[in-house]
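Student: If you read the protein sequences in the order shown, they are chains A and B.
Position 105 of the first sequence, counting from 1, maps to 105 under the UniProt record's numbering, and the rest follow consecutively.
Position 65 of the second sequence, counting from 1, maps to 65 under the UniProt record's numbering, and the rest follow consecutively.
Hints may be right or wrong, so weigh each one.
Here are the in silico distance ranges between beta carbons for each label pair [unchecked claim]:
1. A/Phe120 with B/Arg165: 45 to 51 Å
2. B/Arg87 with A/Ile172: 45 to 51 Å
3. B/Ser32 with A/Gly123: 53 to 59 Å
4. B/Ile146 with A/Leu82: 33 to 39 Å
5. A/Leu82 with B/Ala200: 50 to 56 Å
6. B/Asp216 with A/Ile172: 46 to 52 Å
7. A/Phe120 with B/Ser32: 35 to 41 Å
8. B/Lys126 with A/Ile180: 18 to 24 Å
Far from chain B by the CB rule (all over 12 Å, computed), these chain A residues [claimed, not checked]:
9. Asp18
10. Thr114
11. Pro305
Residues from chain B that face chain A, not an exhaustive set, calculated with beta carbons under 10 Å [what the hints assert, rightly or not]:
12. Phe104
13. Ala108
14. Gly112
Worth flagging that the hints you see were computed from the coordinates, not collected in a lab.
The C-beta atom is built at its ideal place from N, Cα and C for all residues, glycine as well.
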Amino acid sequence: MLYDIFIDPFVQMVTMPDFFLQVLWEGFVTGILYALIALGFVLIFKASGVFNFAQGIMVVFAGLTLVGLHEHGIPAYLALLLTIVVMGILAYGIERVVMRPLVNQPDIILLMATIGLTYFLVGFGEFVFGGEPKQMIAEQLGLPTGSTAFEMGERGLVILQHIDIAAALIAIIMVTALAIFFNKTRIGRALRAVADDHQAALSVGISLNQIWAIVWFAAGLVALATGIMWGARSDVSFALEIVAFKALPVLILGGFTSIPGAIIGGLIIGFGEKIGEIYWGGLVGGGIESWLAYIIALIFLLFRPQGLFGEKIIERV
Amino acid sequence: MNAIMTSEEMPQVAAPTAEREDLLRVDNVSLSFGGVKAITDISFDIKKGEIRAIIGPNGAGKTSMLNVINGFYHPQVGTITWQGQVRRKMKPYEAASQGIARTFQNVALFRGMTTLDNIMSGRSLKMRKNFFWQMMWYGPAREEEIEHRKKVEEIIDFLEIQAIRKTPVGRLPYGLQKRVELGRALAMEPDLLLLDEPMAGMNLEEKADMSRFILDVNQEFGTTIALIEHDMGVVMDLSDRVVVLDYGKKIADGPPEEVQASQAVIDAYLGVSH
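For reference, chain A alone in the conformation it holds in the complex:
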């Protein structure tokens, strides 16, 4: 038993390095995708202190809109553009109908509002696009298909799916762009200002309404990217919403307000999940992938309740 837990997995890692690398790569890609979802949550949490329960369904909604438009005969790139417009309208609508009337209400009420929003989007999405899973139009969007195998001499080979490589690249570009945007521009500064202190932000003439609309739009764009990438790996269906809640342990790890935290947290969960499942899962009959992330997050909570990069919780007495 002890041998199975503490020694055997490592022996396997060393004796079959090609397989181990393959597992690492899988973990990396899943991690990046978790990070993308978490990023959507972080954006909105940072700017408004709202935990956006609807982020998961926004991913599904964006994916469905894209595929649905294409099914109606609109060329892929035009459909992509239109979906971006739709996400913009959605952001504006949410700011107008949900956020603005509820400004200064307790956080729990805003959370409830986003739960309401979730069910609205589920119903609306099913009404417009139907409930069936759809195939993501990855090929039409020019995303690469196929795979490359890397030979490792005598040791076997590692297979990388091109779509995974593209997903990783797109995620990295988005994250970098957002980081620059947040740190270097006037609007980015305004976003951080709103996150820190609403009243002070108002007093220097920052419009909360405008900022919130921008943030929800940014979160919508992240949702769209996530929808395309997740969709291309499986398909676009309402089940994706559940995957989005994998972002919760990521957020606990990384801290709710930190963009780098979302990335590192995503990677830790991604790697942890895959390695745990492959090398230790067998001991308890497999299937630990679905809950291991939460266990990792709980253990972290014991030591760093604010997350890896979250704002320190300091109470002055």
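Starting from the known structure of chain A, fit chain B onto it as the hints suggest.
Tutor: What follows is chain B alone, placed relative to chain A:
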């Protein structure tokens, strides 16, 4: 309840400042929250270029008054005339874009950001290059950023806070935070600067510094200032005219010496039973 004074009993405004043009007039403003009356029928004016103090015991409605002026609160009754334009309601965003800047009683800075970024945020309204260039952080947006940085550096020099330019303000001692907050308000190049207890919690030396900055701002930039302050020495030294509130009502208005001698003011501060 305290006695209501008739207008004849109120000290009248002194001559020199009275002749100046009104920057802001408040007429018969009343503000209540549910059944609680915060401000009852207050009228006063702020002249261009003066330093106007608003004083009164705790809970007198001073901060509420500032909140009305910069649009955080909307009075149920009364009007506010800003640079000749009458208004009842105004959003904080509009107040800021029309030249009203303020600081807060409990420092309201963007704690995670550096001193430099905090003061830069005061330039938000002056920076108008479009969203696209902002996204690219290139071309016009970048030039604009550099140009505004210059202005911000001038303010940093003026307030003598060069040493803490890159420090996150959450880490600064209280006195310096207040100074950064003043800097952020100055970055807006306001016509009217509202200061809510700029010297609360400061030691003597810090108070002297802050007084000097306030006077300099008033004299060098010609900025009109309305300030709330509890330190009577400071109020008497700095201000041209003083308005005194108690229980949401105005009990005196005039130059410092006159207000100081007013029986109603002395009663309010010493807590004479009414």
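Student: So, for every hint listed, does it hold in this structure?
Tutor: Hint check:
1. Taking 45 to 51 Å as the suggested C-beta distance range, the pair A/Phe120 and B/Arg165 conforms, at roughly 47 Å.
2. In this structure, B/Arg87 and A/Ile172 meet the distance hint of 45 to 51 Å, their C-beta atoms being roughly 50 Å apart.
3. For the pair B/Ser32 and A/Gly123, the beta carbons lie near 42 Å from each other, so the given range of 53 to 59 Å is not met.
4. Roughly 37 Å separates the CB atoms of B/Ile146 and A/Leu82, a value that falls within the hinted 33 to 39 Å.
5. Hint check: A/Leu82 to B/Ala200, Cβ distance near 55 Å, so the stated range 50 to 56 Å holds.
6. The hinted window of 46 to 52 Å between B/Asp216 and A/Ile172 holds, with their beta carbons roughly 49 Å apart.
7. Restraint check, A/Phe120 to B/Ser32: a C-beta distance of roughly 37 Å satisfies the suggested window 35 to 41 Å.
8. Checked against the hint of 18 to 24 Å, the C-beta distance between B/Lys126 and A/Ile180 comes to roughly 22 Å, which is consistent with it.
9. For A/Asp18, the requirement that its beta carbon stay farther than 12 Å from each beta carbon of chain B is met, with the minimum near 42 Å.
10. Residue placement check: A/Thr114 keeps its beta carbon more than 12 Å from all beta carbons of chain B (closest about 24 Å).
11. No Cβ of chain B comes within 12 Å of the Cβ of A/Pro305; the nearest lies about 18 Å off, and the non-interface call holds.
12. With a cut of 10 Å, the hint placing B/Phe104 at the interface with chain A holds, because the nearest CB-to-CB distance is about 7 Å.
13. Given hint, B/Ala108 at the interface with chain A, holds; its Cβ is 4 Å from that chain's nearest Cβ, closer than 10 Å.
14. Because the beta carbon of B/Gly112 sits about 6 Å from the nearest beta carbon in chain A, less than 10 Å, this interface hint is met.
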